[in-house]
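Participant: Sequence:
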Amino acid sequence: MLIISNNELIKILGIMGRDTIAEILTSIRNAYMDQKRVVRITSTNSTENVVKILLREGFIENMRKQREKHKNFLVLTLRHRRTRKKPYRNPFNLNRISRPGLRIYSNYQRIPRILGGMGIVILSTSRGIMTDREARLEGIGGEILCSIW
133 MLIISNNELI KILGIMGRDT IAEILTSIRN AYMDQKRVVR ITSTNSTENV VKILLREGFI
193 ENMRKQREKH KNFLVLTLRH RRTRKKPYRN PFNLNRISRP GLRIYSNYQR IPRILGGMGI
253 VILSTSRGIM TDREARLEGI GGEILCSIW
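Heads up, the sequence shown is in our numbering, so the first residue is 133 and it goes up one at a time.
The hints are simulated quantities; they were obtained by calculation from the structure and are not laboratory data.
The structure presented is a predicted model; accordingly, all values stated were derived computationally and were not measured.
Among these hints, one or two may not hold up.
As the list claims (entries may be wrong) - Estimated spans, in silico, between C-beta atoms of each pair:
(1) Q241 with D166: 36 to 44 Å
(2) S178 with R211: 30 to 38 Å
(3) Q241 with Q167: 26 to 34 Å
(4) R242 with R188: 20 to 28 Å
C-beta atoms are modelled at their ideal positions from N, C-alpha and C, and glycine is treated no differently.
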């Protein structure tokens, strides 16, 4: 009897694609909850652009590219507070908004403001992946990928 996992079945049949944005958000969230300093994620153009925004906005400390057996990875260094006496809590929230089963689009006037501008929304626009502030300045809308606060 041959036993195949769901992931192997998906790879063999090619049933569904991967939601790489959701994967990186979940990896970062899980690494924070486990108090890990470094997390390694697969590198694609979209994940690299989202990570660059997280780096620029100060949500992560460092990013470097790593190549291993014909696969590219991004190694992220996360920000942690050094001294902590209270139970650990995630320092920020990462929420996936638009997903493969339900795409959410917005014009630049209706892009949501997270916590009155304290958080950011990451959008995929015709000019690339950018934050909500950049999209409003350029006057373009797009697909709302995720929100971070």
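Participant: Determine for every hint whether it applies to the structure shown.
Facilitator: Going down the list of hints, with the structure as the test:
1. Distance hint check for Q241 and D166: the Cβ-Cβ separation is about 40 Å, which falls inside the suggested range of 36 to 44 Å.
2. Distance hint check for S178 and R211: the Cβ-Cβ separation is about 22 Å, which falls outside the suggested range of 30 to 38 Å.
3. For the pair Q241 and Q167, the beta carbons lie near 40 Å from each other, so the given range of 26 to 34 Å is not met.
4. For the pair R242 and R188, the beta carbons lie near 24 Å from each other, so the given range of 20 to 28 Å is met.
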